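Visitor: Chains as they are written, first to last, in the working numbering: chain A, 1 to 850; chain B, 851 to 1200.
Worth flagging that the hints you see were computed from the coordinates, not collected in a lab.
This structure is a prediction, so every number in the text was calculated from the model and none was measured.
Heads up, a few of these hints could be off.
[Unchecked claim] Straight-line Cα separation of at most 30 Å, BS3-like style, residue types lysine-lysine; simulated pairs:
| hint | chain 1 | residue 1 | chain 2 | residue 2 |
| --- | --- | --- | --- | --- |
| 1 | A | 252 | B | 984 |
| 2 | A | 448 | A | 137 |
| 3 | A | 74 | B | 927 |
| 4 | B | 1089 | B | 927 |
| 5 | A | 227 | B | 976 |
| 6 | A | 389 | A | 9 |
| 7 | B | 1169 | B | 1026 |
| 8 | A | 254 | A | 314 |
| 9 | A | 56 | B | 1192 |
| 10 | B | 1125 | B | 927 |
| 11 | A | 199 | A | 314 |
| 12 | B | 927 | A | 314 |
| 13 | A | 314 | A | 454 |
| 14 | A | 255 | B | 984 |
| 15 | B | 976 | A | 56 |
| 16 | A | 199 | B | 976 |
| 17 | A | 114 | B | 978 |
| 18 | B | 976 | A | 254 |
| 19 | A | 227 | A | 319 |
[Said to hold, decoys possible] Covered stretches of chain B (chain A as the covering partner; in silico rule of three or more C-beta atoms under 8 Å from a C-beta of chain A):
| hint | stretch |
| --- | --- |
| 20 | 894 to 906 |
| 21 | 1091 to 1104 |
| 22 | 1180 to 1189 |
[What the hints assert, rightly or not] Far from chain A, some chain B residues (derived; all Cβ distances over 12 Å):
| hint | residue |
| --- | --- |
| 23 | 886 |
| 24 | 909 |
| 25 | 912 |
| 26 | 972 |
| 27 | 975 |
| 28 | 1006 |
| 29 | 1029 |
| 30 | 1153 |
Each residue gets a CB set at the ideal place from its N, CA and C atoms; glycine is no exception.
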Amino acid sequence: MGDLWRSQKMQLVQLFVQIDAAHDTVDELGNLGLVQFVDLNPSVNPFQRNFVNEVKIADEMERKLRFFEEQVEKVNTELSLENKYSPIEIQKGDDPMIRTKLEELEGRFEDLEKELQQMNNNQEALNRNYNEVIELKYVLSIDEAFFHDGPDFGGLSDEPIYGDAGEENQRLLGAKSEQSGPSQAIKLGFVTGVIPRVKFPTFERVLFRATRGNSYLKFGEIDQSIKDPQSGENIAKNVFIVFFQGERLQGKIKKICEAFGATLYPCPETAKERQELSSQVSNRLTDLKIVLERTLEHRRQVLMNVAVHLESWKTKVKKEKAIYHTMNMFNYDTGRKCLIAEGWCPVTATDQIQAALLRAKERSSATVPSILNPIPSRHTPPTYFKTNKFTLAFQAIVDSYGVPRYGEVNPGVLTIITFPFLFGVMFGDVGHGLAMLIFAAFLIWKEKQWMGQKLNELIAMMFEGRYVLLLMSFFAIYAGLLYNEFLSVPINFFGSNWERPKYTDTQYIPKDLNYSYPFGVDPVWKGNPSELLYYNSLKMKMSIILGVLQMSVGISMKLLNGIHFDNYLDVFYEFVPQIIFMMSLFGYMCFMIFYKWLAIPYALNDLRNRTIIAPNASFPCNPQNPGTGFSPFLLNVLIFMVLGIYKHDQWKCLYPGQFYVQAVLVLLALICVPIMLFPKPCILRSRHNASQKLSASAIQHSEEHSGEEEEFQFGEIFVHQIIETIEFVLGSVSNTASYLRLWALSLAHSELATVFWQKLLIQYGVQLPSLMANPNSTTAYIVGSVALFVTASGWLAASIAVLLLMESLSAFLHALRLHWVEFQNKFYKGDGIKFNPFSYERILSGDVDE
Amino acid sequence: MSAGSMLYFNVNDGFLEGIVRGFKLGILTSADYSNLVQCESLDDLKLHLQTTDYGDFLENEPSPLHTTTIAEKCTGKMVEQFNYLRAHSVQPLSTFLDYITYGYMIDNVVLLITGTLHERDPEELKEKCHPLGKFDAMGSITVEQTTADLYNNVLVDTPLGPYIQGALAVQDLDEKHIEEIRNTLYKAYLEDFDRYCRTLGDATYEVMHQLLGFEADRRSINITLNSFGTELEKEDRAKLYPRLGLLYPTGIRTLAEAEDPDSVQAAVAHIPTFKELFSQVGYDEDKSLEDAFFEHEVKLNKLAFETQFGYGCFYSYFKLKEQEIRNIVWIAECIVQDQKSKINQYINIY
């Protein structure tokens, strides 16, 4: 009955694989992706399994690959700074490398990593050197400025600062130089270096405290940020120079500098020497620059070779890791030197698996072929549906509530149509449907391009549901045609049957009493004061009919499940009473709705009479006008049918003999309740007692099973049945009422659309000039065009944001709810386990963690 | 905090409390430990830790692992969690969390001073410091010669400033006095922390007072036990006891008189907790007093999670985590040194 109707037949198979062939076998099966392996040693620690070393190697290789990738990126950023070479591109796609063994790759990675690390170390040393030279350059130039600043200071005069610089130095220290006089010579030393700017304030403070203020610190900022050779980050640095007095302080200050990680540079004391050093430094700088560039080029060459293979290496290592993870789940038979694996697979796939095993045997040139034999299992098999790109999203809607139990009817099949249909009922508008259709078509058009790519989460979600969107838009258009709404405006396709004899008349008269509008709603209703009454009546009734229909289909699914599982208890004591209950109350209600539609409304006399009698002349022709005509309120009929059975003489009758029909139906429904409640648990109990007696005579036999079989507890089962019964009986009322959301949402949609169209665009945009004093003046045209522009953009924005996005989302959610709750609770167990095969495709796309 | 604090607790701290309780669930369980002790190599250990909340924290480490790397990375994980909490916290929780770091700061200060005495490289020393106790001027500690300098130049800027005042009488930063400084700092820290917790309301104080009190008692006992055979005078020793905990004030007085391990035991025997801890050490050969203390501390910290509307669980979480790291390092060391017989001496948490 199709691939989706019930789960594929699954079987548990045992595989005996020769140890040499194991790797290739798993590889082939991974390509096939149709076997879900069972963990045969769940109690064994991950690090005590058979192939844990291989997994470790793969982990290590993944680490190295990450290292390579990081290096490539690093070089790319460096290259982008240099602006000379094009960045390295990591090639996508596979290459023949894939056939190489893991061990070979491992060796290669090892060498590559060593080479790269070696190069990095060299580079780092070079960078450090380079930094030092740059820092020294700045130290020299900035210090030069410091020495210049004090005009009397030794800088220009070539006098050694360390020497007898007396007066000048004292001025520098801020002491009262005039008093002390030049004779009191003081030895002044200095230390200069570079320190990271962030550390500078604390450094300054500590220095001040430690020397008790007996030091003088000057600093300058290096305007070029210096790259930290290890982390590669740019660090802002300061040049500082400290003047101090005395040997002891020198030691202390040097220690503080060390503690703060400052680099000290020797600075010659005379200007001449400084100049010499400075020119040396710039020579070295140019040399270093050339060397650095060459190393970068070399690194680029090496990494280019890596980048070519990186992607396929990654795939390879990922696959290998997955293979060994899978092999860790196997049993190792030491005696026969083979691995035993167990796994679930679809029965239909047996041939494919056999072929894969054969291929693996040839590939690995193993002598003994692998053996595959199905084994019986008491566990419930996983549920597997063969989905395609169209059915996938619909199945996902069902699965997110619960995966179907193995063998049970899959609601996903019906969901394909009913879900978009119910959405359409709530979202019925041709214009909005078309907009959605365009969007869905766009997504489908992009399908080839976007498939298998990482998309933005939001877009990915819509992309996955593109076919759902497509069907949703179809049904929205269909329902829009039924409601006759195009962006809330009706279209007069076939000519309305109603007319106003004179333009000033407020009344509509039918042209031809035997004619009805061929498809959908007559456009005359839209915008008419009685529009709401007419549409509400129509949509409410339609919602109830659709709801009862869908729920009845749901109950019928129970029948199919009962037959499939040979569970006739469910059929006779659940399905039969439930469907009778549903039909006798709500099925009857639907009957009445149709009856009222078909038999009553166009009674000509009634219509004629009422056009005259009706006090409010604006809706003379509403056939369902409450309290008039022959027709009773259907809701009241249903309530009195159950509650007021004794005062049937007060009823307004829909058809002759109504009382007797209804009495019988209510009785039928009442009888159904105990049938739902009592027989099933009682029969289960007597069956259990019988089996108990049997097993008492054969004790050994029962012992085998006693572990698995659950304790039979009559109380629990009975309570469960009570709950089920109550849920169904009450649920049938509340669920039917719940389908009224179809009406409510569609009402909200059409009203909102009307408001945006009528009140915003027409009233303020189109009609504004006509309200002005001189509607034909130029000002009126200008005002009108501006108003039209503003209101039209407002209308468009509101239509997109509110109607197309929010409303569609809310209609989607309500459709989802109607399926999950109202429809599926009639039959759906949804406690299956999803088939989760070992498949490269899924592992590589990141769907599964190992 | 008033009685209304219960009403408003979750407004400010509910999120972080949830986070920390979530973190707590990631603490290794006895099942994890029983797996860990079966490991044959550090790679096995890594493989198993990957399945726990530590996740792939060792992922990018090249293969021959060292215990130091493991310890470093574990601590890194803890620091990451701490910083997350600290960054999301508002007053007064943020101050409370800061108080937790002061303990680490004290350890770092002492470590640096000791390291300098032994003429270690300052950079190397800094790397050894606990990342939670780092502060700006830390590096310059290595320069200082006297306590006064230490205070004036470095600690005055840090929260530890007020704590050191008790130790100013100690002149030189040498081997002999270093422990005195540590204990003085710790004493002041514990007392201050306790005082601060009192302002945070009953729910916090109830838990924290007990935890800090136990810490204080443990220190008092350890100081006494370690002082035998050193030059530490009794009067000086008495000054180091924190004025906090079950032993304060009577127990401390008797403790001050103690002259040998037996008299210590006698001095604290009137407190049932300590009587029991000491007796545990008596009949279990493998167990040291320290282990007994740790075990009791773990118990107390676990109890902290039983209370609501207080900050105790934040403190306790990091204490438990610290214990967990000690356990992992112990197990790792035992694996490396092939001391399988001792591997079970870790302290189980959950």
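Visitor: Going through the numbered hints above, which ones does this structure break? Give me the numbers in ascending order.
Guide: 2, 4, 8, 10, 11, 15, 19, 21, 22, 23, 24, 25, 26, 27, 28
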